[in-house]
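J.: These are the residues of each chain, in order.
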Amino acid sequence: GAVVSQHPSRVICKSGTSVKIECRSLDFQATTMFWYRQFPKQSLMLMATSNEGSKATYEQGVEKDKFLINHASLTLSTLTVTSAHPEDSSFYICSARDNGQVQETQYFGPGTRLLVL
Amino acid sequence: EDQVTQSPEALRLQEGESSSLNCSYTVSGLRGLFWYRQDPGKGPEFLFTLYSAGEEKEKERLKATLTKKESFLHITAPKPEDSATYLCAAYSSASKIIFGSGTRLSIRP
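Line by line, the protein sequences are chains A and B. Every number in our numbering is 3 more than the matching position in the first sequence, counting from 1. Every number in our numbering is 12 more than the matching position in the second sequence, counting from 1.
Simulated from the structure, these hints should not be mistaken for lab results. Any given hint might turn out to be false.
Derived lysine-lysine pairs resembling BS3-like cross-links, with alpha carbons at most 27 Å apart [claimed, not checked]: (1) B/K71 to B/K54; (2) A/K44 to B/K71; (3) A/K69 to B/K54; (4) B/K108 to B/K81; (5) B/K54 to B/K91; (6) A/K23 to B/K91; (7) B/K54 to A/K23; (8) B/K108 to A/K23.
Put together the whole structure using the sequences plus the hints.
T.: This is how it looks when you write it as structure tokens:
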């Protein structure tokens, strides 16, 4: 149980294009999902909290217009990196909190490696 | 300011050599302390959640404990497949989850 998938697992794009990353909870419903960014040999940095049916909450320093988040259903959140630049290259990981559990545990997806040329 | 500090940054052990990883936290109103395992190029894999001081949880060769200031991840007789980065994270009363920087564990056969 508690499986979270991400698609794609890896993407290479040209500078200036937009990239969409999907995060799905496969066997549970998640009102709340989270998007993280991770640089090599560093820990996870929370970018935003995605709430089903409402606007995402962004952490300080994260540009809302740059990183668009949509949480249209209880099993899907998407992160769109708009007008991507080489400095946006990173490992993006989503996590989801199971509505059916009392505990606050987050379950993570496998991550998406983004490379912007 | 809420903070989570893990030590050591890296740890190399011989197969079978038991040890402990430390996670010190300063968090307002701890609601949960999480341990995850992360392999290179993959997302973190959930291991344990601890909620109150004195609580312990075990899974195979791993045991997590919690006090009011820190948590330990004890690894008993580790095997090479236990090599990974171990992350701890604290969940605060402000609904914020704060990750430590991780401990890179390497087990030599």
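J.: Compare the distance between the alpha carbons of B/K54 and A/K23 with 27 Å, and conclude whether the hinted pair is satisfied.
T.: Judged against 27 Å, a Cα distance of about 19 Å means the pair holds.
J.: Starting from A/K69, check that the Cα of B/K54 is at most 27 Å away, please.
T.: holds (24 Å)
J.: Run the distance test for B/K71 versus B/K54: straight-line Cα separation, threshold 27 Å.
T.: Holds, at about 21 Å.
J.: Hinted pair, alpha-carbon criterion (27 Å max): B/K108, B/K81. Please report holds or violated.
T.: Holds. B/K108 to B/K81 sits at ~17 Å (cutoff 27 Å).
J.: Below or equal to 27 Å on CA atoms is what counts here, so check A/K44 against B/K71.
T.: holds (26 Å)
J.: For the pair we were handed, A/K23 and B/K91, check the Cα-Cα distance against 27 Å.
T.: Outside the cut-off at roughly 39 Å; violated.
J.: Just to be careful, I want the Cα atoms of B/K54 and B/K91 compared with a cutoff of 27 Å; is the pair within it?
T.: holds (20 Å)
J.: Measure nothing beyond the straight line between the CA atoms of B/K108 and A/K23; if it is 27 Å or shorter, mark the hint as holding.
T.: holds (25 Å)
Of the hints listed earlier, the one the structure fails to meet is number 6.
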